[in-house]
Amino acid sequence: MSDLPDHAVAPIDTDQPPGNSRRAFLRGTSLSAFGALLGMTIPFERNLPAGIIPVALAQDTGTDLMSGKTGLTIMSDRPLNAETPAHLLDDDITPYERMFVRLNGLVPQSALDGNAEGWTLTVDGEVETPLSLTLEDLKAQFETVTKVLWVECGGNGRAFFQPGSSGNQWTMGGVGCPEWTGVRLADVLKAAGVKPSAVYTGHYGNDVHLSGDAEKQTISRGAPIEKALEEDAIIAWAMNGEPIPALHGFPLRLVVPGYPGSVSQKYLTRIWVRDQVHDGEKMTGYSYRLPAYPVAPGTEVPEEDMVIMTVMPVKSLITFPETGTEVPSGAATEVRGHAWCGKGDVAAVHVSTDFGATWQEAELLAPPNSFAWQRWRANVTLPQAGYYEVWARATDADGISQPPVSPGWNPRGYGNNLQHRIALVAT
Amino acid sequence: MHQIPLRLVLGLAALLGSAVLSGAQSGPDPMRALRNEVQISAADPMVALRAPAATETEGPAPNPEFGNLPDAAGAEETYYQCTACHSTAIILQQRVTDARWDDLWTWMVEKQGMFDPEPAEKEVIMTYLKAHFSSER
Numbered sequence: 001m002s003d004l005p006d007h008a009v010a011p012i013d014t015d016q017p018p019g020n021s022r023r024a025f026l027r028g029t030s031l032s033a034f035g036a037l038l039g040m041t042i043p044f045e046r047n048l049p050a051g052i053i054p055v056a057l058a059q060d061t062g063t064d065l066m067s068g069k070t071g072l073t074i075m076s077d078r079p080l081n082a083e084t085p086a087h088l089l090d091d092d093i094t095p096y097e098r099m100f101v102r103l104n105g106l107v108p109q110s111a112l113d114g115n116a117e118g119w120t121l122t123v124d125g126e127v128e129t130p131l132s133l134t135l136e137d138l139k140a141q142f143e144t145v146t147k148v149l150w151v152e153c154g155g156n157g158r159a160f161f162q163p164g165s166s167g168n169q170w171t172m173g174g175v176g177c178p179e180w181t182g183v184r185l186a187d188v189l190k191a192a193g194v195k196p197s198a199v200y201t202g203h204y205g206n207d208v209h210l211s212g213d214a215e216k217q218t219i220s221r222g223a224p225i226e227k228a229l230e231e232d233a234i235i236a237w238a239m240n241g242e243p244i245p246a247l248h249g250f251p252l253r254l255v256v257p258g259y260p261g262s263v264s265q266k267y268l269t270r271i272w273v274r275d276q277v278h279d280g281e282k283m284t285g286y287s288y289r290l291p292a293y294p295v296a297p298g299t300e301v302p303e304e305d306m307v308i309m310t311v312m313p314v315k316s317l318i319t320f321p322e323t324g325t326e327v328p329s330g331a332a333t334e335v336r337g338h339a340w341c342g343k344g345d346v347a348a349v350h351v352s353t354d355f356g357a358t359w360q361e362a363e364l365l366a367p368p369n370s371f372a373w374q375r376w377r378a379n380v381t382l383p384q385a386g387y388y389e390v391w392a393r394a395t396d397a398d399g400i401s402q403p404p405v406s407p408g409w410n411p412r413g414y415g416n417n418l419q420h421r422i423a424l425v426a427t
Numbered sequence: 428m429h430q431i432p433l434r435l436v437l438g439l440a441a442l443l444g445s446a447v448l449s450g451a452q453s454g455p456d457p458m459r460a461l462r463n464e465v466q467i468s469a470a471d472p473m474v475a476l477r478a479p480a481a482t483e484t485e486g487p488a489p490n491p492e493f494g495n496l497p498d499a500a501g502a503e504e505t506y507y508q509c510t511a512c513h514s515t516a517i518i519l520q521q522r523v524t525d526a527r528w529d530d531l532w533t534w535m536v537e538k539q540g541m542f543d544p545e546p547a548e549k550e551v552i553m554t555y556l557k558a559h560f561s562s563e564r
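Line by line, the protein sequences are chains A and H. My numbering puts the first residue of the first sequence at 1, with every later residue one more than the last. My numbering puts the first residue of the second sequence at 428, with every later residue one more than the last.
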């Protein structure tokens, strides 16, 4: 999976995604003609809910946009999900072409067209003054802030759980740290006047449900109101100084740092301030939830014992050198990477070249702002020719470190912050 | 690099896996998960820490007609049931327990708008998924 050339997008051999041209051709076509359009029969056409256009014809998955990414591993083409090999995440600020892609549904037409005309953000619910804000309103009425903020998929590391858990099998690359520009979520909420009855936020976007059903929400998650009112979260319209790209939430998205990426709603249209814990799509059941108590791997946990996953655990990546690299023995070799933590700053990073028997402390830089990932680097000297592994271990301000193996198993495979390891071959 | 015969390792893993899940008298043993040495790669030590996807192990050849699902009874029904919404790429990544497959089916029908077929059809599809994308066998 990870031995792709740098310029390539991993090939996948599943059913072909649609092209833009088909959509236009579709208009005015009846359901019975779908088979002819596809150039094949649809044996189970009766399975399609009435009035639902087959997704293969209805909406772009965004796969064509992957040509603007380099070296990512596509895990799924519909919905589109792609992760970044660790050695391609070496930049302090993750560029667009190296930013992972996690879509729950399909890219909305407005994003594909880059058309933000008439876009409004509604803020309503438990507020004194419901707001309807255009992008121009947001830019004019609130202080603009630019921050470097990491975003990590709650399921990053899922591939290492045994037994497996359903979903895309993210290894280490469901994380990135671009620079975002927008306004503070807290400023907007305060302008609306949060009532004492407010408990949670509920976020909505206009991405298209996989079934094609316009009535269905693709994903609608939220944050406790206390978290939303902290100064860190922003409503962003730019990533790395450019309008947010289609795959990452054009024209507006939330970035709620420290929480699973799914809280950072893309294609943002509405923030509903709730008087209860938000119960939108993928807030309930097993989605983004962990067992309330430790369970043995493979345990079936009753739904009522699942609690919402909030703060992401401390984690680190080795981004240089690439795993498998040959280095000279008896001389210092620089290894480096990033470390981050859902609680805020990371306190220390250590590296081991002897399978965890001994550890040396790495140099760790302060982040440019809270919730930016932190650069670490260390010089390691491999004493003689042969095979070595570099293991990296970050520790948070409470003294909590990354485990060497997968932490507590959970039914959907969230929060796996096991230590990253790379191979070095000393010559 | 020394290769342990794949069939032997897989057989062993299946045996150990079922013992864990059925709560056999030996009891759970976290060291078992660390013995999963199907795919040791000198290039990337993380590979040893993950169980292989179904597509990376021995089994029926992928059938390109059905999105590269393993060519076995139920592949066609599974293909047309599932790809109404998503491609086979997400199926090909799975290796979960039978109970998780049951829960996923219910979730897709109740929450995701999936068509609920006749019981016999469902049985064919679930049997296929549990046979080829399982952590239990």
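Rather than coming from a laboratory, the hints here were simulated on the basis of the structure. Keep in mind that a hint or two might mislead.
Subject to a maximum C-alpha distance of 20 angstroms in a straight line, what follows is the list of computed SDA-like cross-link-like pairs (lysine to any residue) [what the hints assert, rightly or not]:
(1) Lys282(A) with Lys557(H)
(2) Lys538(H) with Val307(A)
(3) Lys538(H) with Lys190(A)
(4) Lys282(A) with Trp528(H)
(5) Lys538(H) with Gly280(A)
(6) Lys282(A) with Val536(H)
(7) Lys538(H) with Thr284(A)
(8) Lys195(A) with Asp498(H)
(9) Lys557(H) with Thr299(A)
(10) Lys538(H) with Gly285(A)
(11) Lys557(H) with Glu300(A)
(12) Lys557(H) with Ser220(A)
(13) Lys538(H) with Lys343(A)
(14) Lys538(H) with Lys195(A)
(15) Lys282(A) with Lys549(H)
(16) Lys538(H) with Ser220(A)
(17) Lys216(A) with Lys557(H)
(18) Lys195(A) with Ala116(A)
(19) Lys195(A) with Val307(A)
(20) Lys538(H) with Glu128(A)
(21) Lys216(A) with Trp534(H)
(22) Lys282(A) with Ala475(H)
(23) Lys343(A) with Thr284(A)
(24) Lys549(H) with Val277(A)
(25) Lys195(A) with Ala500(H)
(26) Lys538(H) with Asp137(A)
(27) Lys549(H) with Glu215(A)
(28) Lys190(A) with Asp137(A)
The hints, checked one at a time:
1. Lys282(A) with Lys557(H): Violated - the C-alpha atoms of Lys557(H) and Lys282(A) are around 24 angstroms apart, more than 20 angstroms.
2. Lys538(H) with Val307(A): Given pair Lys538(H), Val307(A) holds - Cα atoms ~19 angstroms apart, limit 20 angstroms.
3. Lys538(H) with Lys190(A): Distance ~34 angstroms between Lys538(H) and Lys190(A) Cα, so the pair is violated.
4. Lys282(A) with Trp528(H): holds, 18 angstroms
5. Lys538(H) with Gly280(A): holds, 11 angstroms
6. Lys282(A) with Val536(H): holds, 15 angstroms
7. Lys538(H) with Thr284(A): holds, 11 angstroms
8. Lys195(A) with Asp498(H): Status violated; Cα separation ~58 angstroms.
9. Lys557(H) with Thr299(A): Holds. Lys557(H) to Thr299(A) sits at ~17 angstroms (cutoff 20 angstroms).
10. Lys538(H) with Gly285(A): holds, 10 angstroms
11. Lys557(H) with Glu300(A): holds, 16 angstroms
12. Lys557(H) with Ser220(A): violated, 30 angstroms
13. Lys538(H) with Lys343(A): violated, 32 angstroms
14. Lys538(H) with Lys195(A): violated, 31 angstroms
15. Lys282(A) with Lys549(H): Violated, at about 24 angstroms.
16. Lys538(H) with Ser220(A): Roughly 13 angstroms separates the two Cα atoms, so the pair holds.
17. Lys216(A) with Lys557(H): violated, 28 angstroms
18. Lys195(A) with Ala116(A): Given pair Lys195(A), Ala116(A) is violated - Cα atoms ~30 angstroms apart, limit 20 angstroms.
19. Lys195(A) with Val307(A): violated, 25 angstroms
20. Lys538(H) with Glu128(A): violated, 33 angstroms
21. Lys216(A) with Trp534(H): holds, 14 angstroms
22. Lys282(A) with Ala475(H): Violated, at roughly 31 angstroms.
23. Lys343(A) with Thr284(A): Measuring from Cα to Cα gives roughly 23 angstroms; hence the hint is violated.
24. Lys549(H) with Val277(A): Violated - the C-alpha atoms of Val277(A) and Lys549(H) are around 35 angstroms apart, more than 20 angstroms.
25. Lys195(A) with Ala500(H): violated, 58 angstroms
26. Lys538(H) with Asp137(A): violated, 36 angstroms
27. Lys549(H) with Glu215(A): The hint is violated at about 26 angstroms.
28. Lys190(A) with Asp137(A): holds, 15 angstroms
The structure fails to meet hints 1, 3, 8, 12, 13, 14, 15, 17, 18, 19, 20, 22, 23, 24, 25, 26 and 27 from the earlier list, while all remaining hints are met.
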